[in-house]
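Based on the sequences and whatever the hints tell you, model everything.
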Amino acid sequence: MKNISQILFFAFSIPFFTFSQSFTNIDSILSDAKSSRADTNKIRTLERIWKYYLDNDTDKSMDYANQVITLSNELKYPKGLGLGHLYRGAIYSQLSEFEKSSNEFKKSFEIFKGNDLKKEEVLATSNIARDYFFQSKYDSAVYYNNITEKALIALGDSLKLGSTYLLNSSIYLEQGYFQLSLKNGLKSAEIFKKLGDEVGYAKGCYVVACVHESLNNREEALKYYYESIPIFKQYNSNYTLALAYEGLTILYNKKPFQKDSAEVNIKKAITLAEQMNDSILLTTSLNEFGNIKFLSKDFDNAERIYQKSLAIANKINSGFSKQILLLDLGELYLQKREFNQAINYSLEALKLCDSLDIEVGVNRSFEILYRANKETNNLVEAIKYLELQKEKSDSIYGKETKNRVNELQTIYETEKKEAALALQEKEIQTLNQEVEISNLRKGLYAGGMASALALFGLSVFGYRQRIKKNRVAREKQEEIYKQEIAHKKKELASQTLHLVQKNTFLEELKENLENLKSSPDKFKMEFRRIVMLLKKEKASDKDWETFKTYFSEVHNNFDQKLKTLYADISEKEIRLAAFLRMNLTTKEIAATMNVLPDSILKSKYRLKKKLGLDKETDLTTFLNTL
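Counting from 24, one number per residue, gives the positions in the sequence shown under this note's numbering.
Some hints here could point you the wrong way.
Okay, derived cross-link-like pairs now, DSS-like style, lysine-lysine, Cα gap no bigger than 25 Å in a straight line [said to hold, decoys possible]:
| no. | residue 1 | residue 2 |
| --- | --- | --- |
| 1 | Lys65 | Lys136 |
| 2 | Lys374 | Lys407 |
| 3 | Lys320 | Lys610 |
| 4 | Lys136 | Lys160 |
| 5 | Lys397 | Lys374 |
| 6 | Lys246 | Lys216 |
| 7 | Lys282 | Lys65 |
| 8 | Lys584 | Lys246 |
| 9 | Lys130 | Lys160 |
| 10 | Lys277 | Lys246 |
| 11 | Lys256 | Lys282 |
| 12 | Lys320 | Lys278 |
| 13 | Lys99 | Lys74 |
Label pairs and their in silico Cβ distance ranges [unchecked claim]:
| no. | residue 1 | residue 2 | range |
| --- | --- | --- | --- |
| 14 | Glu213 | Gly635 | 29 to 39 Å |
| 15 | Leu53 | Tyr166 | 37 to 47 Å |
| 16 | Glu404 | Glu594 | 18 to 28 Å |
Rather than coming from a laboratory, the hints here were simulated on the basis of the structure. The model shown is predicted, which means the values in this text are computed figures rather than measured ones. Even glycine gets a Cβ: it sits at the ideal position worked out from N, Cα and C.
Put into structure tokens, the structure is as follows:
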């Protein structure tokens, strides 16, 4: 699994302050800086030198940023002073000293704001947002990115606006707000395409592909990856090109596994990583190469590649990559039946995931430890890890559910603000029309009282009609808001019902596990009972009817629409369609319907065929239109 924050730090971490000057003769520029008199032109020269050293000597770069601040203070030049702090912030950000960089960016923001330097304010807020993103402080990142967005709209700066939407898409992707991420990614790509910025467009496509990959929309993800690759090649954007190849590999490693396609793409990614001497990228690419060998059951080569990748991860101290590799090795040793090795690697991964607060990794560690201890007949430990794994799974599921509700709330609030802005714009247009009518009336008054009175009567009538029309429009909009609020409450109630049922089952399972823990000698009998309980845990007819009632109210008689359009559709297929409409993953649907994920994939294929959809039409997208 890719870490989006880590990737985007390198791929899209391009601050708004960039310079187009060539630095083929830095000695000449240094000479100019020494000989030029102390004025704003000298500040611009110092800025160019700061930029030159930013990528290869941060100490020298910091020295020139400080010179910009000193000279700006002497000249009482607030713009230069704010930029000086901005440049210091950029250096600290590059060094991952985010507390210092945020302080510098905020100083520059206060200076720009205090001197009404609107364009420069955007430089500060955009970089504050990026810093918070890299620190995983997503709410703060969204807050400052929204400030940037509003300012750019007011300034009419579409190019920077595209970068703002790109960052928003990345933030929402990290939060698991996939619909919002997709919306912002598409807006970004559209803006860059319209402005002719091909590399920006390709980056937008790449992030959109990542969203579709997270949603398991295989065909859409492939489409956007392949859209970005030729552009990255054309402009020698090798880092993002390697990321796209790696993304394709991840897709081809999923079912249906396409070994040849996966190997072709990952070898390209590895070659680029080695050419750029990029250790982080090489680690993740080798990890995916190891996954190909694992899926091909070539366990010896998989072990060799995983170990090579792990050695690099240890060398660069990449905790995120290391925990994935430790778990992959744990899974590998399980398959090789080297259970002690599996336990050792999984325990190391568990310790690391705990320290990094990576819940998914903790959950996977528990699962491997349960299976390894079960195989070695260490039943007490096996039960302990099974119980911990179920508890962690429930915690993760609860957070995912909360994320979905939060995303719905964010979407609702965004739409409400957009509707209010649209209504405000209409009212402004109405007032402008009234001013025009008023001016015309005054002109006609000078030409004749009768005409003026007639116009006055007409304008009053028109004004009253407009008031009436606006009142009706406002009442309609308020009614829409009320319906949307009710909709969210019902959807939340539906989610709550599901969680209550799930928690009831988990309590019963916990009691059985406690009994088993206190009496290990009864393991076989109790274990069979637990297995039967797990098999029986599926929505009863009554539960399904209750869920269907909620779902039908929220989604406008969805099941009746399906039955009207396709009379021979079965109840099981309606249930599958409902879960797809709720954007549940294949794994979640399989768990809910008590079947294997492969069975769900086959059912989706049969349902798509029954509905008469072509290959290009996405089943979930179609169901969302009903």
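- Query: Where does the structure disagree with the numbered hints, that is, which hint numbers, in rising order?
  - Reply: Per hint list: 7, 8, 16 violated.
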